[in-house]
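Peer 1: Below, each chain spelled out in residue letters.
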Amino acid sequence: MALIIDTLPGLAEKIPGGQVLVTSLDWLLNWSRANSLWPLSFGTKCCAIEMLMATGASHQDLSRFGAEVARNTPRQADVMVIAGAIVKKMAPRMRMLYEQMAEPRWVMATGSCAISGGPFMYNSYHIVRGADEVVPVDVYVPGCPPRPEAFFWGLLTLQRMIRRGETVRAPGVRRKPVLSALPQGIAVQDIRAEIHAALEAENVVDVENAAAASPWHGKLRQWMATNLYKP
Amino acid sequence: MTALASGIERREKVNRPAVRVPAERLLEVAARLRDDPALAFDMLVDHAAIDWHAENRFELFYHLFSTAHGHALTLTAFVPRDAPVVPTVSRIWPVAEWQEREAYDLMGILYDEHPDLRRLFLEDDWQGFPLRKDYRDPDMLEFQK
Amino acid sequence: MTGALAAFAAFGAAETATAWPVKTVAARAAEALPDNVWLAVLYMALALAGLGALVSGLGMGLIYLERKIAAHFQCRLGPMRVGPHGIFQTVADTFKLLFKEDIVPARADKALHVLAPFLAMTSTVLMLGVIPYSPVLQISDVNIGVLYITAVSGLGVMGILLGGWSSYNKWSLIGAMRGAAQIISYEVSATLALLVVVMFAGTLSLSGIVTSQAEGWWIWRAPVVGGIAFLIYLTASTAEINRTPFDIPEGESELTAGFHTEYSGLRFAFFFLAEFINMFVVAALTVTLFLGGWMPFHVGGANAFNAVMDLVPPGAWFLGKTALVVFVIMWFRWTFPRLRVDQLMRLEWKILLPIGFANLALGALAVLYSLYFFPGA
Numbered sequence: 001m002a003l004i005i006d007t008l009p010g011l012a013e014k015i016p017g018g019q020v021l022v023t024s025l026d027w028l029l030n031w032s033r034a035n036s037l038w039p040l041s042f043g044t045k046c047c048a049i050e051m052l053m054a055t056g057a058s059h060q061d062l063s064r065f066g067a068e069v070a071r072n073t074p075r076q077a078d079v080m081v082i083a084g085a086i087v088k089k090m091a092p093r094m095r096m097l098y099e100q101m102a103e104p105r106w107v108m109a110t111g112s113c114a115i116s117g118g119p120f121m122y123n124s125y126h127i128v129r130g131a132d133e134v135v136p137v138d139v140y141v142p143g144c145p146p147r148p149e150a151f152f153w154g155l156l157t158l159q160r161m162i163r164r165g166e167t168v169r170a171p172g173v174r175r176k177p178v179l180s181a182l183p184q185g186i187a188v189q190d191i192r193a194e195i196h197a198a199l200e201a202e203n204v205v206d207v208e209n210a211a212a213a214s215p216w217h218g219k220l221r222q223w224m225a226t227n228l229y230k231p
Numbered sequence: 001m002t003a004l005a006s007g008i009e010r011r012e013k014v015n016r017p018a019v020r021v022p023a024e025r026l027l028e029v030a031a032r033l034r035d036d037p038a039l040a041f042d043m044l045v046d047h048a049a050i051d052w053h054a055e056n057r058f059e060l061f062y063h064l065f066s067t068a069h070g071h072a073l074t075l076t077a078f079v080p081r082d083a084p085v086v087p088t089v090s091r092i093w094p095v096a097e098w099q100e101r102e103a104y105d106l107m108g109i110l111y112d113e114h115p116d117l118r119r120l121f122l123e124d125d126w127q128g129f130p131l132r133k134d135y136r137d138p139d140m141l142e143f144q145k
Numbered sequence: 001m002t003g004a005l006a007a008f009a010a011f012g013a014a015e016t017a018t019a020w021p022v023k024t025v026a027a028r029a030a031e032a033l034p035d036n037v038w039l040a041v042l043y044m045a046l047a048l049a050g051l052g053a054l055v056s057g058l059g060m061g062l063i064y065l066e067r068k069i070a071a072h073f074q075c076r077l078g079p080m081r082v083g084p085h086g087i088f089q090t091v092a093d094t095f096k097l098l099f100k101e102d103i104v105p106a107r108a109d110k111a112l113h114v115l116a117p118f119l120a121m122t123s124t125v126l127m128l129g130v131i132p133y134s135p136v137l138q139i140s141d142v143n144i145g146v147l148y149i150t151a152v153s154g155l156g157v158m159g160i161l162l163g164g165w166s167s168y169n170k171w172s173l174i175g176a177m178r179g180a181a182q183i184i185s186y187e188v189s190a191t192l193a194l195l196v197v198v199m200f201a202g203t204l205s206l207s208g209i210v211t212s213q214a215e216g217w218w219i220w221r222a223p224v225v226g227g228i229a230f231l232i233y234l235t236a237s238t239a240e241i242n243r244t245p246f247d248i249p250e251g252e253s254e255l256t257a258g259f260h261t262e263y264s265g266l267r268f269a270f271f272f273l274a275e276f277i278n279m280f281v282v283a284a285l286t287v288t289l290f291l292g293g294w295m296p297f298h299v300g301g302a303n304a305f306n307a308v309m310d311l312v313p314p315g316a317w318f319l320g321k322t323a324l325v326v327f328v329i330m331w332f333r334w335t336f337p338r339l340r341v342d343q344l345m346r347l348e349w350k351i352l353l354p355i356g357f358a359n360l361a362l363g364a365l366a367v368l369y370s371l372y373f374f375p376g377a
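Protein chains in written order, with my numbering: chain A, 1 to 231; chain B, 1 to 145; chain C, 1 to 377.
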């Protein structure tokens, strides 16, 4: 049935009034692809527990979106959910799995390791700085690990993209948001110093006067005294 | 224990009981620790190496546990940095085979008479031993100056 | 005590014998053939169309139900977004699979690779053709019905074997070999259980078996033997259709996807659909053989009760009972862990087979001495 994609819409465009057929068929295709995204579970590290296991469990239920059919073979999967860091040893295998997926296929990079190398971006000798060095990524879901709700946000974004028409005939623009090498003139120590300064500026806590400064502190103390330590 | 006592120092600074052994006595001490029924350390929980760069040597530690008695012991041995060779304990605890492969892979410790000493985690043709303190790689941005 | 036994014994007394004459579509077509060829052709065309509608409608419905039932067993909700409560989920899945790229691995045996899912689907559809859904809704009543079923269910193995072999993939091959071993082993036990019912009913034809249950369903009318045969048949059939706990051939955690690893798009949809329709076929056969087919539930002597039971059309009875058995098979999937391949073979050859033989021998004795639970022929 790859035949249908190629010949039928082309035919429809030639028929007078056939434009309607094309758009309806397109709408049906996009609707069905968006609502039946079968993930290829590609969990390599901690994100797998959140993205693949926790979202599929009962508390947050991935199957509400029709995406719980996680096929382990790339031939039957639509979206490769990269959950975890990619190491250099894994990268060629991931590329192979991506190429074995049947079109139309999409890739979601979840977690900071898959987006940019994450916490290992500065000092690692083996981590690939972002999955999009290896495969083209459609949706980036930030977090370390992202909450399951963030993953659903990513999935819904992908569904919106597909419904808007990024089918196999018009793949979306893939952007790489994070540089894997530092720009000229900036060193890691500078970045660290800046982060430290920002943290210190925003997060200094004056413990002695915290109680006085907080409007609810007294009430909380009172509630705790009466309700918590019952004999 | 007195027969083992020569050359063995007790290290008091650590929380678990630990003994330091000269590298040439490692095999004999390990065999004794496993076979003696009062000690019965039949489980090698972990084995790896520490790189004391300033002192120019590696410290190999073996965390042992006895499933019969429930006591634990740590065995450490020092090897010089330029000749990190030590006999393998995989004849005594078979699990050491892969643990020693990991130590070879990441730290470059060589093991005599190891049945299959090759890299475990990194690619087979990786150059260098990454967990050494003096390891530099172009991808390690912190050291790009 | 004796009063209760007497009431029980009158359970299937002769006055509640069936009042529905059986007429299959093939019989109608055969009748019409000498006078009006086109009517006969119309009947057969209707039958084919009905089968097609059944396969697609049932497939989609069963897949949706499986996901919803699995979800509720696991205290979650299942598909909810695609249509109200997710009822269009399988429609979306089907369209998506239809328009996916069709991949045949480069070194695969292309002809066999394309043929395998059709074989799997063929055996399923062939079996759907002989099941009595209701006295008037049976496509063809082959008078060797049970033999036909046993033979055709072997075709499904061919689909699995060809699929695994032609994929040029070691996981597929292992999955296919395990699947073939499992299916041909459990066919033996399933057949032994079937034979018990055949002995009691005295006929191989499926609608004959259904009408012979007029005085009581074989699951309780064949004393003890029927119940054991029912359990053996249900277990062996769950293994035949590669359902958990016997889904080693497609064990996801072990073999990526087993024999259908290298299938994508429409041909994978065929395998997927064939599995679910097979589940329906197995449930339908269980119902036909052991649970009375389209016969309503009668209590001997309680004429008012029986009249109320007769109000429900026989097709609905069949559907209800099959739905119950399908639910039980799905229940198995989300309750039991998967059996290892050696445990699976041991279960069949060392446990089910001896029990099946003993059951068959006892059943033969029961038939010989007319030891039915309830009087009546």
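Take the hints with a grain of salt, since some may be wrong.
Said to hold, decoys possible - In silico negatives: residues of chain A with every beta carbon more than 10 Å from chain B:
1) 44
2) 123
3) 199
4) 200
Said to hold, decoys possible - Here are the simulated distance ranges between beta carbons:
5) C:335 <-> A:133: 55 to 63 Å
6) C:335 <-> A:226: 44 to 52 Å
7) B:134 <-> A:200: 45 to 53 Å
8) A:226 <-> B:121: 32 to 40 Å
9) A:187 <-> C:106: 42 to 50 Å
10) C:85 <-> A:187: 37 to 45 Å
To be clear, the hints were calculated from the coordinates, so they are not data collected in a lab.
All C-beta atoms in this analysis are idealised placements derived from N, C-alpha and C, irrespective of residue type, glycine included.
Peer 1: Against each hint, give a clear statement of whether it holds in the structure.
Peer 2: Hints versus structure:
Once the 10 Å rule is applied to beta carbons, residue 44 (chain A) is consistent with being away from chain B; the minimum gap is 13 Å. At roughly 5 Å, the least C-beta separation between residue 123 (chain A) and chain B is not larger than 10 Å, which violates its mark as non-interface. Non-interface status of residue 199 (chain A) relative to chain B is upheld: no Cβ of that chain comes within 10 Å, the nearest being about 19 Å off. For residue 200 (chain A), the requirement that its beta carbon stay farther than 10 Å from each beta carbon of chain B is met, with the minimum near 22 Å.
Under the hint 55 to 63 Å, the C-beta atoms of residue 335 (chain C) and residue 133 (chain A), about 44 Å apart, miss the expected range. At roughly 48 Å, the beta carbons of residue 335 (chain C) and residue 226 (chain A) sit within the given window of 44 to 52 Å. In this structure the supplied range 45 to 53 Å is violated for residue 134 (chain B) paired with residue 200 (chain A), their Cβ-Cβ distance being about 33 Å. Residue 226 (chain A) and residue 121 (chain B) have their C-beta atoms about 57 Å apart, which leaves the hinted 32 to 40 Å range violated.
Taking 42 to 50 Å as the suggested C-beta distance range, the pair residue 187 (chain A) and residue 106 (chain C) conforms, at roughly 49 Å. At roughly 57 Å, the beta-carbon separation of residue 85 (chain C) and residue 187 (chain A) lies outside the given 37 to 45 Å, and the hint is violated.
Violated hints for the displayed structure, listed by number in ascending order: 2, 5, 7, 8 and 10.
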